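Number of protein chains: 2
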Amino acid sequence: MIYPKELEELINFFMKLPSVGAKSAERLALAVMKFSKEDAENFSKSIQKLKKTLKDCIICGHLTSTDICHICSNSYRNHNVICIVEDYKSIFRFEKIGKYNGVYHVLNGLISPIDGINPDDINISSLINRCNNIESENIELIIALKPTLEGEATTMYITKILKDKKIKISRLSYGIPMGAEIDYLDALTLERALADRKEVL
Amino acid sequence: MIYPKELEELINFFMKLPSVGAKSAERLALAVMKFSKEDAENFSKSIQKLKKTLKDCIICGHLTSTDICHICSNSYRNHNVICIVEDYKSIFRFEKIGKYNGVYHVLNGLISPIDGINPDDINISSLINRCNNIESENIELIIALKPTLEGEATTMYITKILKDKKIKISRLSYGIPMGAEIDYLDALTLERALADRKEVL
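Line by line, the protein sequences are chains A and B.
Each number in our numbering comes from the position in the first sequence (counting from 1) with 756 added on.
Each number in our numbering comes from the position in the second sequence (counting from 1) with 756 added on.
With the rest of the complex left out, here is chain A (with noise of 0.2 Å):
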């Protein structure tokens, strides 16, 4: 026995979250002891609280505390603009920038057979009801996922399914990140920063 029976317990769930290995785990748990009493039990509550508190948007899937999230009944947004993304981690990043006023849609995963995770796997088909739903002529879906073998795989996917309705489809661009050196860039990147160039004049 080298760690204490209630500090080995904490230590292993630290051990449960990602990137966190023994030592790591060690070093939080160890710091989670110098927390004030006060701290520690709203740290304990706050875990509990959150699993007991958010789930899914029913319309969208972001995460919420109630029904419909805030995105989702906020009527200034353009509710006819969805913005496609693979998990909530995106929409944080999308809300950051504050400059996007559609709503999304979270497919909680991408479709990669390799995995054995299949469209049916994947929030696709409430994608598709909600653009059934949608009484609008003029909607746009954006599709927002990583340039992977899943991302292009699942955006050909959707963009398939839904090619016979009267819906714009488009995609995040792709090119040299802002303040990236020309010299450092892998060669996808540059080849495709080169197809996709855009007139200047």
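FYI, nobody ran anything at the bench for these hints, they're computed from the structure.
Check each hint, because a few of them may be wrong.
The list treats identical chains as one, so a pair stands whether inside a single copy or across any two.
In silico DSSO-like pairs for lysine-lysine, Cα to Cα no more than 27 Å straight-line [as the list claims (entries may be wrong)]: (1) K805 with K922; (2) K790 with K902; (3) K772 with K793; (4) K779 with K793; (5) K924 with K845; (6) K924 with K852; (7) K924 with K855; (8) K845 with K761.
Since we're looking at a predicted model, the values are computed, not measured.
Put chain B on the given structure of chain A with help from the hints.
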């Protein structure tokens, strides 16, 4: 409002932990979201239990749920050899190698005049009391502090204050760490390894 309130609360607690920034905290909180209900409940409970149950051993200052820790209360260990460490973590490291059969004394810090940490601020007086109370004439103190300015200052202070007592005081050896490349060693370590060289034959 970018995050749901409950999520933001937990993110803020994770950010109180050492080397957890905004992005890692978000990742950790979302991972907790994916815990099973049971795991989340036990994780939460284990934080409170830790703070409620663990305290410092009244003899050596190590973490324990009883008044006297499992090391100090172990009669198979040699209570005449006391290894002086900076914090609990060092004890975990020593216990992991499983080669040390003595007991410990946790200073809970190092003397550092720059940071305003004086001998009175760390557990040195309890160490002296402890040495005075041991009846044996064969006490050995092994100082296992890190070789920095603070570690050296603390080592010197302890040595000075105990020099009139019949106590053997040693410290860990300094030198080249196992597996290191001589090319990449810093000058100070190499200098030390040279000065402290050991006869082979």
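Okay, the hints, checked on the actual structure:
1. Neither within a single protomer nor between protomers do K805 and K922 lie at most 27 Å apart by alpha-carbon distance, with minima of 43 Å and 58 Å respectively.
2. For the homomeric pair K790 and K902, the shortest alpha-carbon distance between copies (22 Å) is at most 27 Å, but the shortest distance inside one copy (40 Å) is not.
3. In this homomeric assembly, K772 and K793 come within 27 Å of each other (Cα to Cα) both inside a single copy, at 24 Å, and across copies, at 14 Å.
4. For the homomeric pair K779 and K793, the shortest alpha-carbon distances inside one copy (24 Å) and between copies (26 Å) are both at most 27 Å.
5. Within a single copy, K924 and K845 get their C-alpha atoms as close as 25 Å, which meets the 27 Å cut-off; across copies the closest is 59 Å, which misses it.
6. Within a single copy, K924 and K852 get their C-alpha atoms as close as 25 Å, which meets the 27 Å cut-off; across copies the closest is 61 Å, which misses it.
7. With identical chains, the CA atoms of K924 and K855 are at most 27 Å apart within one copy only, with a shortest distance of 20 Å there and 69 Å across copies.
8. For the homomeric pair K845 and K761, the shortest alpha-carbon distance between copies (15 Å) is at most 27 Å, but the shortest distance inside one copy (35 Å) is not.
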